[in-house]
Amino acid sequence: MLWKDNYELGVPAIDAQHKELFKRVESFLQVLRSKDCWDEKVPKINETLEFMKRYVIEHFRDEEEYQCSINYPGYEAHKEIHNGMVNYVAEVTKQYEQSNNNELLMQQFGGRLLAWLINHVAAEDQRIADYAKKKGGSGSGR
Amino acid sequence: MVDKLYKTFVDATHNVFNLMLNISEISHRPTDNFNCDDEIDIAIGVVGDLQGKVIYRFPASTSLNMVEVMSGMQFEEVDIFVTSAISEIANIISGNVLTALSDNNLTCDILPPEQCKLDDNKEYEIKTSCCICTTIGEICLEIRLNRAS
Numbered sequence: 000m001l002w003k004d005n006y007e008l009g010v011p012a013i014d015a016q017h018k019e020l021f022k023r024v025e026s027f028l029q030v031l032r033s034k035d036c037w038d039e040k041v042p043k044i045n046e047t048l049e050f051m052k053r054y055v056i057e058h059f060r061d062e063e064e065y066q067c068s069i070n071y072p073g074y075e076a077h078k079e080i081h082n083g084m085v086n087y088v089a090e091v092t093k094q095y096e097q098s099n100n101n102e103l104l105m106q107q108f109g110g111r112l113l114a115w116l117i118n119h120v121a122a123e124d125q126r127i128a129d130y131a132k133k134k135g136g137s138g139s140g141r
Numbered sequence: 000m001v002d003k004l005y006k007t008f009v010d011a012t013h014n015v016f017n018l019m020l021n022i023s024e025i026s027h028r029p030t031d032n033f034n035c036d037d038e039i040d041i042a043i044g045v046v047g048d049l050q051g052k053v054i055y056r057f058p059a060s061t062s063l064n065m066v067e068v069m070s071g072m073q074f075e076e077v078d079i080f081v082t083s084a085i086s087e088i089a090n091i092i093s094g095n096v097l098t099a100l101s102d103n104n105l106t107c108d109i110l111p112p113e114q115c116k117l118d119d120n121k122e123y124e125i126k127t128s129c130c131i132c133t134t135i136g137e138i139c140l141e142i143r144l145n146r147a148s
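From first to last, the protein sequence lines are chains A and B.
Here the first sequence stands for residues 0 to 141, where the numbers follow numbering that gives the first Met the number 0.
Here the second sequence stands for residues 0 to 148, where the numbers follow numbering that gives the first Met the number 0.
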């Protein structure tokens, strides 16, 4: 299973979104890594990719709103990391469409996405939770 | 300087393995006995106050174990997915090193990871290496940097 309990931040709204994001990425990876031939996988890959593109933007926006609400001092830097990932996803999607669904591009994307997402949630997002706890609120009011 | 850089890279690798892979038992040793004939070498270029590169040498078994721990899935061979995942980990470790260096007034930036060959005949002012030992395998870091003139 991709999601691990130690990724929880203690901010219910953000944790719920992270779990949903991990569920979708896991589903994406399972299709990506299955033994089926690529042409059979393409419709499911494309469908999951489209969802993730929308969901990642929505989640990043909500997370940034939360950071603003607690006056998180690392807001600008964190937003920059989000923007970098959104731009990367957009660029890969463009290349993938232009290449007529090239498998290698998607395998490369999947590997990077896996490592990026885990680091982002386990390390970068954890700093937001640490700050919120230090301030005396877990964000449970959201 | 060499000792400080060595420690910074060891600490960053330790933190990343701990946070991303939930592995806390990590030690380090010189690379003298690091023999591996199926390694994947990933170079991260460094620019700024320090210039050069750091090469991360991942044995195939360590690479597969790392990706399996992260994904919870089985991987039989090192393909473009696995190479991309470990390249991102090299990128993350290097990014953490830069943050630590900036606390010591050294401003550097890193270039995107690239698969590379280990051989390099260039001379470097700072040339050291370390082998990081974990419960899922070893990785070796070759640090090759010059101070900006």
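Keep in mind that the hints are not guaranteed to be accurate.
[Said to hold, decoys possible] Computed Cβ-Cβ distance ranges for the label pairs, DEER-style:
hint	chain 1	residue 1	chain 2	residue 2	range
1	A	D4	B	N32	51 to 57 angstroms
2	A	V85	B	K126	19 to 25 angstroms
3	A	V85	B	V46	42 to 48 angstroms
4	B	T134	A	E90	45 to 51 angstroms
5	A	K43	B	T106	42 to 48 angstroms
6	A	D4	B	G47	24 to 30 angstroms
7	A	K78	B	T106	19 to 25 angstroms
8	B	A147	A	E90	28 to 34 angstroms
9	A	Y87	B	A59	23 to 29 angstroms
10	A	N100	B	K3	46 to 52 angstroms
11	A	G83	B	S23	28 to 34 angstroms
[As the list claims (entries may be wrong)] If you want the footprint, here are the derived chain A segments under chain B, 3+ residues with CB under 8 angstroms:
hint	stretch
12	7-21
13	54-68
14	115-128
If you are wondering where the hints come from, they were derived from the structure by calculation, not from laboratory data.
The beta-carbon is built from N, C-alpha and C at its ideal position, and this holds for glycine as well.
Next on the checklist: Output the indices of the hints that this structure fails to meet, ascending.
Outcome noted: Violated hints (numbers, rising): 1, 2, 3, 4, 6, 12, 13; every other hint is consistent with the structure.
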